[in-house]
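Novice: With chain A held as given, fit chain B onto it using these hints.
Top line first, the protein sequences correspond to chains A and B. All letters in the first sequence, in the order written, are residues 1 to 229 by our numbering. All letters in the second sequence, in the order written, are residues 1 to 229 by our numbering.
Everything hinted at is true.
Identical copies look the same in the list; a pair holds intra-copy or inter-copy alike.
Each computed DSSO-like pair below joins lysine-lysine, with the alpha-carbon atoms no more than 27 Å apart:
id : residue 1 : residue 2
1  : 185       : 145
2  : 101       : 185
3  : 101       : 215
4  : 145       : 101
Keep in mind the hints are simulated off the structure, nothing from the lab.
The residues making up each chain are set out below.
Number of protein chains: 2
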Amino acid sequence: MPYTYEYARPSLTVDVVIFGLDDSGLKVLLIQRGQEPFRGRWALPGGFVRVDEPLETAARRELEEETGVRSVYLEQLYTFGGVDRDPRERIVTVAYYALVKLSDHRIQAATDARDAAWFPAASPPKLAFDHATILQSALTRLRGKVRYQPLGFELLPARFTLSQLQHVYEAILDRPLDKRNFRKKILGMGLLVELNEFEQDVAHRAARLYSFDQKRYERLAEKGFNFEL
Amino acid sequence: MPYTYEYARPSLTVDVVIFGLDDSGLKVLLIQRGQEPFRGRWALPGGFVRVDEPLETAARRELEEETGVRSVYLEQLYTFGGVDRDPRERIVTVAYYALVKLSDHRIQAATDARDAAWFPAASPPKLAFDHATILQSALTRLRGKVRYQPLGFELLPARFTLSQLQHVYEAILDRPLDKRNFRKKILGMGLLVELNEFEQDVAHRAARLYSFDQKRYERLAEKGFNFEL
Numbered sequence: 001m002p003y004t005y006e007y008a009r010p011s012l013t014v015d016v017v018i019f020g021l022d023d024s025g026l027k028v029l030l031i032q033r034g035q036e037p038f039r040g041r042w043a044l045p046g047g048f049v050r051v052d053e054p055l056e057t058a059a060r061r062e063l064e065e066e067t068g069v070r071s072v073y074l075e076q077l078y079t080f081g082g083v084d085r086d087p088r089e090r091i092v093t094v095a096y097y098a099l100v101k102l103s104d105h106r107i108q109a110a111t112d113a114r115d116a117a118w119f120p121a122a123s124p125p126k127l128a129f130d131h132a133t134i135l136q137s138a139l140t141r142l143r144g145k146v147r148y149q150p151l152g153f154e155l156l157p158a159r160f161t162l163s164q165l166q167h168v169y170e171a172i173l174d175r176p177l178d179k180r181n182f183r184k185k186i187l188g189m190g191l192l193v194e195l196n197e198f199e200q201d202v203a204h205r206a207a208r209l210y211s212f213d214q215k216r217y218e219r220l221a222e223k224g225f226n227f228e229l
Numbered sequence: 001m002p003y004t005y006e007y008a009r010p011s012l013t014v015d016v017v018i019f020g021l022d023d024s025g026l027k028v029l030l031i032q033r034g035q036e037p038f039r040g041r042w043a044l045p046g047g048f049v050r051v052d053e054p055l056e057t058a059a060r061r062e063l064e065e066e067t068g069v070r071s072v073y074l075e076q077l078y079t080f081g082g083v084d085r086d087p088r089e090r091i092v093t094v095a096y097y098a099l100v101k102l103s104d105h106r107i108q109a110a111t112d113a114r115d116a117a118w119f120p121a122a123s124p125p126k127l128a129f130d131h132a133t134i135l136q137s138a139l140t141r142l143r144g145k146v147r148y149q150p151l152g153f154e155l156l157p158a159r160f161t162l163s164q165l166q167h168v169y170e171a172i173l174d175r176p177l178d179k180r181n182f183r184k185k186i187l188g189m190g191l192l193v194e195l196n197e198f199e200q201d202v203a204h205r206a207a208r209l210y211s212f213d214q215k216r217y218e219r220l221a222e223k224g225f226n227f228e229l
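The shape of chain A in the complex, shown without the other chains:
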């Protein structure tokens, strides 16, 4: 059954920049397009917003379809509405970005054996539409935000070493950090719980594991506490 309106309406979509982290750095999940336009080109996962669906629900639906995970850090990025961004018709897209833990086994299961793959976030293949602009905008936001909000933990497993944590920040900021200074600042935030557990199966001396105190973070954030790194 078709729908009729007095004036022409733009189409509304959501696109999601899904970031993950592995040993080689910050990654982004891309989908290879099976049809025109841009057939064969890689693109951000996304789709149309249903008329009865809140925007964030649509973004979480896309995210779950592509990664199998539901409960992750998701934030609205920006709305892109250039008139020529899609050759078919006027499509306005509300872009989100998500941070997922690549150690989550559901992610492997959902993205394996499909036209989805992880690419280095800073050097992706050529992207469809204006998705390169959207990805760049998400990277800029993430880099700006991680300096005053402890987002790095969203990319790590529940228990991690301080070296792993430093690696997250270095991957996001794309530059090396001084180890001593980093540890002083990150421990000074008072958000890490020192565990009585250590790395397993490592050749070097096993490092201590830490966890992130989410409750304490929320309490302090409410009081306007500053987490600048």
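Specialist: The following block gives chain B in isolation, referenced to the frame of chain A:
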């Protein structure tokens, strides 16, 4: 001529939170609604996005219709897409905020003798739709941003005293600032040009006027210079 689509489409609008500053503090420009829903209630200026119109163009069009000014600071804020935010139908709105100079005479001319008026931004009348949420979100963004980007100048005339500048920051942050500390920090940014001009027609000792060095700001911002206040 009606337009027909296979699936129902949300309507797309822009709404603009227009901030200005006068002696009594930070103000927001509101429009009184002449029709249902929310007839008689105050609301943010806004309207439908034309199918061939970029989003920012639509926001600038609304802004110009309401204030008579074109070239002002305008930034996309957030897209609000709750399914029940308008009782008529699903309307997704891309919200922007603008900073205008209330000393601009065109603004008085455009808003005089119409159902538009300036209200204290922190204590507006009851607003239509979810506009109270949008206004609050704009205030939060402005307060966060002004701490690391010299936005305050956008609300001032081209020549101003340091007291006026401090007043801008106090109005946005909604708290008093230490005069000595403020002057040290703001002069330390190196963005102010000391003029050989002084206030006119004041009872107290006339203070020196300054102007903002926009070119220098852009050069330094490009280099990643930090303007934290």
